[in-house]
Amino acid sequence: MIDGVLRPALDAAGGALEAVFRASEVRVLEVSWDAAGRLVSVVARSLGDAIREADRRTLAAFEDARKAIGRVRDDALAARVDELQARALAALFAGAAADADAAFRDLKAIAEAESGRLAALLARVMDAYRLLGERYRFLNRVPAREGAAPAQVLPLPATADAAATGDVARVRLLLARAARVDGAFRSRATALVAAFNGASSTAALAATLGLDPAAWPLDHRDAGTALGAAPLRLKFGPPKSLGRALEKPLGSLKDLNRCTVECHCPYVCALFLAGLRETFPVVAVKNKHEPAHKQDEVSQPPDLHVNVDLGGGFLGEVQIILTYCLEVKNILHFFYELLRAKTVDLVLEPMRRHASEAG
0 MIDGVLRPAL DAAGGALEAV FRASEVRVLE VSWDAAGRLV SVVARSLGDA
50 IREADRRTLA AFEDARKAIG RVRDDALAAR VDELQARALA ALFAGAAADA
100 DAAFRDLKAI AEAESGRLAA LLARVMDAYR LLGERYRFLN RVPAREGAAP
150 AQVLPLPATA DAAATGDVAR VRLLLARAAR VDGAFRSRAT ALVAAFNGAS
200 STAALAATLG LDPAAWPLDH RDAGTALGAA PLRLKFGPPK SLGRALEKPL
250 GSLKDLNRCT VECHCPYVCA LFLAGLRETF PVVAVKNKHE PAHKQDEVSQ
300 PPDLHVNVDL GGGFLGEVQI ILTYCLEVKN ILHFFYELLR AKTVDLVLEP
350 MRRHASEAG
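In terms of numbering that gives the first Met the number 0, the sequence shown is numbered consecutively and its last residue is 358.
For the record, the hints were derived by calculation from the structure and aren't laboratory data. Any given hint could turn out to be false.
Said to hold, decoys possible - Straight-line distance between alpha carbons at most 27 Å, and here's what the computed DSS-like set of lysine-lysine pairs gives:
#1 Lys234 to Lys66
#2 Lys239 to Lys287
#3 Lys247 to Lys287
#4 Lys239 to Lys66
#5 Lys239 to Lys341
#6 Lys234 to Lys287
#7 Lys66 to Lys247
#8 Lys234 to Lys247
#9 Lys247 to Lys341
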């Protein structure tokens with residue numbers, strides 16, 4: 000770091016100091032405050048230029064590594080999956096159970112192989128992101144866990160069991176409350192993403208959000224680099240059905256209002272989390288990039304998992320995830336569900352629809 004970034008700046012500072020002394024032809028103690036101010040300005044510009052140049056090099060290295068990884072989605076394989084699903088559906092309609100089972104076995108075999116391929120590809124994706132150096136370190140500075148694991152606020156009486164499932168009355172109340180706060184949740188999250196994508200500079204964004212610009216020295220958007228002109232994409236999860244909500248413990252229904260924020264680089268993930276703190280009360284954060292949260296299930300590439308208070312302790316969920324991790328996640332999730340399925344009728348939904356709604 001010293002040789003690659005600070006050394007040029009220090010050399011420039013030394014040259015500037017020598018020039019000041021030579022021009023003034025006075026003793027060091029007589030250097031004017033004006034000259035000292037000019038020196039500080041030269042040092043700051045030199046250091047800033049060196050940091051930006053190093054950042055551009057790491058962005059270029061990341062882009063080269065990303066291109067070498069290739070496509071996440073295998074279109075030929077996706078077509079084969081769709082063909083097998085159609086064959087299984089036709090066989091079930093015709094009462095040909097043996098043919099449906101044969102198609103199911105072929106789907107399982109594909110899922111096994113594709114899960115392995117995508118898990119290996121995810122490791123390469125994360126290696127590429129780590130090439131971003133200082134940008135990745137901003138993400139790593141987010142603690143592995145912040146705040147106690149929260150439970151959703153439940154309707155009275157207070158004796159309600161947060162681990163209980165199938166409580167129709169309370170689930171209906173939770174769904175009704177989620178519907179009432181959803182508009183404000185979407186509006187505030189959308190405005191925050193728009194501020195990121197519309198800010199002319201990171202300093203301007205920091206001023207808008209009330210953040211310290213000195214704490215965020217790198218660009219958050221740049222149409223000429225891997226950052227892109229719009230560094231964030233926002234997607235809200237569809238309303239959870241009553242049937243799906245009844246399957247989950249009451250206290251875990253923290254995702255009735257949820258969204259996924261896709262970020263082009265790790266630095267932007269950390270910066271968005273800082274902005275989120277200025278928009279909602281943040282109750283808990285899990286940095287799943289940390290070793291403490293090593294993912295055991297291949298369907299869960301790393302992200303920042305955040306619970307926010309939408310009012311009165313009612314919790315919502317925001318997942319902040321890197322672009323290529325999200326691409327892998329959406330496809331992995333489909334194959335994970337296929338591997339878990341006990342019967343073929345559970346995996347007949349088209350892969351493209353399932354992947355687009357994952358998360």
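Each hint tested on the structure:
| no. | hint | result |
| --- | --- | --- |
| 1 | Lys234 to Lys66 | holds (25 Å) |
| 2 | Lys239 to Lys287 | holds (24 Å) |
| 3 | Lys247 to Lys287 | holds (22 Å) |
| 4 | Lys239 to Lys66 | violated (37 Å) |
| 5 | Lys239 to Lys341 | holds (23 Å) |
| 6 | Lys234 to Lys287 | holds (20 Å) |
| 7 | Lys66 to Lys247 | violated (40 Å) |
| 8 | Lys234 to Lys247 | holds (23 Å) |
| 9 | Lys247 to Lys341 | holds (20 Å) |
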